[in-house]
Amino acid sequence: MLVQLLTIFGIPWVAALTAVFVWWFLTGLLLYIVKKVDQINENAHYVITIIFIPILLGGCFLYWNTLFSITLASVYWSFFGSLLIWAWFELAFLTGFVTGPIKKACPPNMPNKTRFIHAWQNIAYSELGLLVVLLTMTFISANAENRVGLWTFWILFCARICAKLNLFLGVPNVNSEFLPSPVKHLASYFKVGSTSWFFPLSISLISFTLFFWVDKIFSIKSDDITVIGYTLLASLTALALVEHWFMVVPVRDAELWKWMLPSGIDKKKSVKANKKRISSEKIHGL
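Per numbering that gives the first Met the number 0, residue 0 is the first one in the sequence shown, and the count goes up by one each step.
To be clear, the hints were calculated from the coordinates, so they are not data collected in a lab.
The structure presented is a predicted model; accordingly, all values stated were derived computationally and were not measured.
Check before you lean on any hint, since a few could be wrong.
[As the list claims (entries may be wrong)] Lysine-lysine pairs mimicking DSSO-like chemistry, simulated, CA-CA at most 30 Å apart:
| id | residue 1 | residue 2 |
| --- | --- | --- |
| 1 | 220 | 163 |
| 2 | 163 | 102 |
| 3 | 190 | 102 |
| 4 | 163 | 190 |
| 5 | 183 | 103 |
| 6 | 112 | 35 |
| 7 | 257 | 112 |
| 8 | 35 | 163 |
| 9 | 102 | 215 |
| 10 | 102 | 35 |
| 11 | 183 | 257 |
| 12 | 112 | 163 |
| 13 | 112 | 102 |
| 14 | 220 | 183 |
Based on the sequences and whatever the hints tell you, model everything.
In structure tokens:
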């Protein structure tokens, strides 16, 4: 019975739904955690990040132990391992545990070049940390048979960079409803307005990557395990593409995670803040 149940995950559309669900659930869970600790005190943000270090270690364990195995289980575990590693760094960023050498809002009327430098200084440690992890994963995966986890992290990293640059250069639709207090000041570095030249470029790059994964899916035998790996990667890339379009299409993607808002006063504050919002930073999925 259990074996038959597990074979369901060998169906491509089930793999796609799994990727979407895990992305949605982990993003919501992270946002719920950081908003909850917002109600305690500043130290709680650091404590919760340290408490969740086993999640980071668990992700590393899954990634390492699936590098040289091509089975249905190893493909999924590799994918989940990278997501867990990414989730911890995202938590560390949202709690202010790993951000940058400065934590200051953008002064008014600052030139774009200076604004960029200040914005970078606010997030430098986080981005460099992710880059080091990515390069390390790439190095140890040089001769690996299973690279689903590696490409998962590459997709997340590149999508993150594209999203942050678009927010800095300008997009019409942004949302700070779920932005926790340790990083609320970052909203001041992002521009709300018409899209820049970088938006169509980033959309093109993500679309090309999605086409690449889809082409891989249809170019190999349907019963090949690697089809599931490419399906997971294609689904994650598609989510990154949708998130970028949410920056220009008047659709409230924040509704996807309404369930994570703490009850009571936080919901009331969220509604009031939403009505008064002029400019803000967009929260993205993993």
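The hints, checked one at a time:
no., hint, verdict
1, 220 with 163, "violated (38 Å)"
2, 163 with 102, "holds (17 Å)"
3, 190 with 102, "holds (18 Å)"
4, 163 with 190, "holds (11 Å)"
5, 183 with 103, "holds (10 Å)"
6, 112 with 35, "violated (36 Å)"
7, 257 with 112, "violated (36 Å)"
8, 35 with 163, "holds (25 Å)"
9, 102 with 215, "violated (43 Å)"
10, 102 with 35, "holds (21 Å)"
11, 183 with 257, "holds (19 Å)"
12, 112 with 163, "holds (15 Å)"
13, 112 with 102, "holds (18 Å)"
14, 220 with 183, "violated (48 Å)"
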